[in-house]
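Colleague: One letter stands for each residue in the lines below.
Protein chains: 2
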Amino acid sequence: MVKIVRFHQFGDADVLQLDELPLAEPGKGEVRLKVEAIGLNRAEVMFRQGAYLEQPDSFPSTLGYEAAGVIDAVGEGVTEFKIGDRVSTIPGFSMKNYGVYGESAIAPVTMVAKYPEKLSPQEGTAIWMQYITAYGALVEYGQIKSGDFVLISAAISSVGSAAIQITKAAGATAIATTRGASKKQMLLDKGADYVVVTDEEDLPNKVMEITQGQGANLIFDPVAGSFIETLANAAAKGATIIEYGALSSEATPFPLFAALQKGLKIQGYTLFEIAGDPVKLEKAKQYMYDGLDSGKLVPIIDRSFPLEQIVDAHRYMESNQQNGKIIVTVP
Amino acid sequence: MVKIVRFHQFGDADVLQLDELPLAEPGKGEVRLKVEAIGLNRAEVMFRQGAYLEQPDSFPSTLGYEAAGVIDAVGEGVTEFKIGDRVSTIPGFSMKNYGVYGESAIAPVTMVAKYPEKLSPQEGTAIWMQYITAYGALVEYGQIKSGDFVLISAAISSVGSAAIQITKAAGATAIATTRGASKKQMLLDKGADYVVVTDEEDLPNKVMEITQGQGANLIFDPVAGSFIETLANAAAKGATIIEYGALSSEATPFPLFAALQKGLKIQGYTLFEIAGDPVKLEKAKQYMYDGLDSGKLVPIIDRSFPLEQIVDAHRYMESNQQNGKIIVTVP
Chain A
1 MVKIVRFHQF GDADVLQLDE LPLAEPGKGE VRLKVEAIGL NRAEVMFRQG AYLEQPDSFP
61 STLGYEAAGV IDAVGEGVTE FKIGDRVSTI PGFSMKNYGV YGESAIAPVT MVAKYPEKLS
121 PQEGTAIWMQ YITAYGALVE YGQIKSGDFV LISAAISSVG SAAIQITKAA GATAIATTRG
181 ASKKQMLLDK GADYVVVTDE EDLPNKVMEI TQGQGANLIF DPVAGSFIET LANAAAKGAT
241 IIEYGALSSE ATPFPLFAAL QKGLKIQGYT LFEIAGDPVK LEKAKQYMYD GLDSGKLVPI
301 IDRSFPLEQI VDAHRYMESN QQNGKIIVTV P
Chain B
1 MVKIVRFHQF GDADVLQLDE LPLAEPGKGE VRLKVEAIGL NRAEVMFRQG AYLEQPDSFP
61 STLGYEAAGV IDAVGEGVTE FKIGDRVSTI PGFSMKNYGV YGESAIAPVT MVAKYPEKLS
121 PQEGTAIWMQ YITAYGALVE YGQIKSGDFV LISAAISSVG SAAIQITKAA GATAIATTRG
181 ASKKQMLLDK GADYVVVTDE EDLPNKVMEI TQGQGANLIF DPVAGSFIET LANAAAKGAT
241 IIEYGALSSE ATPFPLFAAL QKGLKIQGYT LFEIAGDPVK LEKAKQYMYD GLDSGKLVPI
301 IDRSFPLEQI VDAHRYMESN QQNGKIIVTV P
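Chains as they are written, first to last, in my numbering: chain A, 1 to 331; chain B, 1 to 331.
Extracted from the complex, chain A is given alone in its bound form:
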């Protein structure tokens, strides 16, 4: 028997429970991991709340996108990996079909990859979501280049921090936003060139000041809601705004007049666009391996919880106190 995290109804963190279940066998094209560490994502909080892009087909439901571990079984037709390989999962599958929170996890073989040997399992499960998400937006679609001004909102998140690192690696200027002043120094420490505290400062004015009136030419935002209008006002002519989340509970307007006057491109984006395309995914992996190897990309861990404290780990994520990835370790 193995402990698997499941929820039997939508709700607060305490709907998560550790159920004792028989060890499952991987099917065709699947592998099974003996899990060592789990990386938490806001997507799982939303999935648990019934507020995510997709919902479970039935209850109880598993959840979880990212885990690192050792392969302990392979399904039919799997030749890419063998028992004993140290791998982590790439969050490009549907949580309706797979959930990796638990002592054991099954994943499609296409969504499993080795992580650099120098990384611990905690670090190995803290890379795919953040780097593929930020890479796809900034490099694959945003075509980031030296000299760009990149506006990164809600930058304290793991994906935000990955975006700062990718921006700096490209020789561009990272303008990070945070609502309150308390996280300003953390963002500067993470490499942001400028930090705008949106509760206290006028974002468009600050961005125009920083960019000498030009505006930000690449904007990476998980907030949406009415904040998109502020972002459009901070945008340069021809800028691309990439929306990759729906953190705001407000309706999101399309900033039509700014878009017409500036020729703005506003793009909805999730990592599935990269993870679901083998060619793009391979480029993303190589970019990430190179960046981790050169030290330009460095995963930041905030703190770890043992699996038994999964409810506390989710509550902690919802408290927005973290500065880096929240990890759950499995003994």
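It is worth saying that the hints were derived from the structure and are not from the lab. For clarity, every value in this text was computed on a predicted model and none was experimentally measured. Some clues are possibly wrong.
For identical chains, the list gives no copy identity; a pair is met inside one copy or between any two copies.
To be verified - Here are the computed lysine-lysine pairs in the DSS-like style, where the Cα-Cα straight-line distance is at most 30 Å:
1) LYS262 - LYS145
2) LYS96 - LYS262
3) LYS28 - LYS168
4) LYS262 - LYS28
Starting from the known structure of chain A, arrange chain B on it as the hints suggest.
Modeller: Relative to the frame of chain A, chain B by itself:
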């Protein structure tokens, strides 16, 4: 003295009046046309109403983007054209600075071009707005290619008709929309492969039927408002929606969930992006000259009014009865 159309306040068509003014002299980098024909655009209706992207600095204000005529004076430094050249104006200037409705018009030399000899002045003033607008959206930004499904809304307009011609020239499928059934046959006659009557038919369902469940991968829309959500539902994965107007009086939402799930790009666009960039403008001109020459692009004239009936001409445009460009002729 020459007759120039001006308005002394915002309002209905009857604020337009023919004022007798002294013949103006072109300044540095400008040319003067003896006007033969004027092409009407919805932009001028909105400018007259005070509802356009920009507003006059003061009253009385001139207006008008498109005129064809014969150059009868050139300003300092103008070497590109000489007196006697037959040209038409490219609507890439600001109506705050120039307005071509009248017997005589001044325009910046960069926004003046010869039109093919086989075209009449009426046709020569019916090409730039529609073809550059549709070219920029579909070819320059939309990267239209054979096999694409292009959804063209409010397709009965001149720009919509130009988009149908450009879509067909690219070997793509043109799906045109119109609100009422009365214009369906006109759109089929103009070359649309499919026409969806949005007052009677469910647009996303029809588009999914036509595209065998794929959706439209390029959408060209001047309406905005809540219609953008219908368009997002008719869009294919990775589709580009180009918004080039604000005909709806409703607020425009950003279709966030569809955008995230499908990876939609929604782009604000005006012809100024092409007209304001000499390299892009040159490519657009060449595309248009080639298309007019080969017969793949054919400007469609609806009807002409004499200059004295400029008020009736504007009223006619606002009645939405036209099928093609409305022209004002100057004796």
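Colleague: Each of the hints needs a verdict: does it hold here or not?
Modeller: Right, here's what the structure says about each hint:
Proximity of LYS262 to LYS145 under the C-alpha cut-off of 30 Å is found in both arrangements, the shortest distances being 20 Å within a copy and 26 Å between copies. Taking identical chains as interchangeable, the C-alpha atoms of LYS96 and LYS262 lie at most 30 Å apart only when they sit on different chains, with a minimum of 18 Å there against 40 Å within one chain. For a Cα distance limit of 30 Å, the shortest separation of LYS28 from LYS168 qualifies neither inside one copy, at 41 Å, nor across copies, at 45 Å. Taking the shortest alpha-carbon separations for LYS262 and LYS28, only the inter-copy value of 28 Å comes in at or below 30 Å, while the best intra-copy value is 50 Å.
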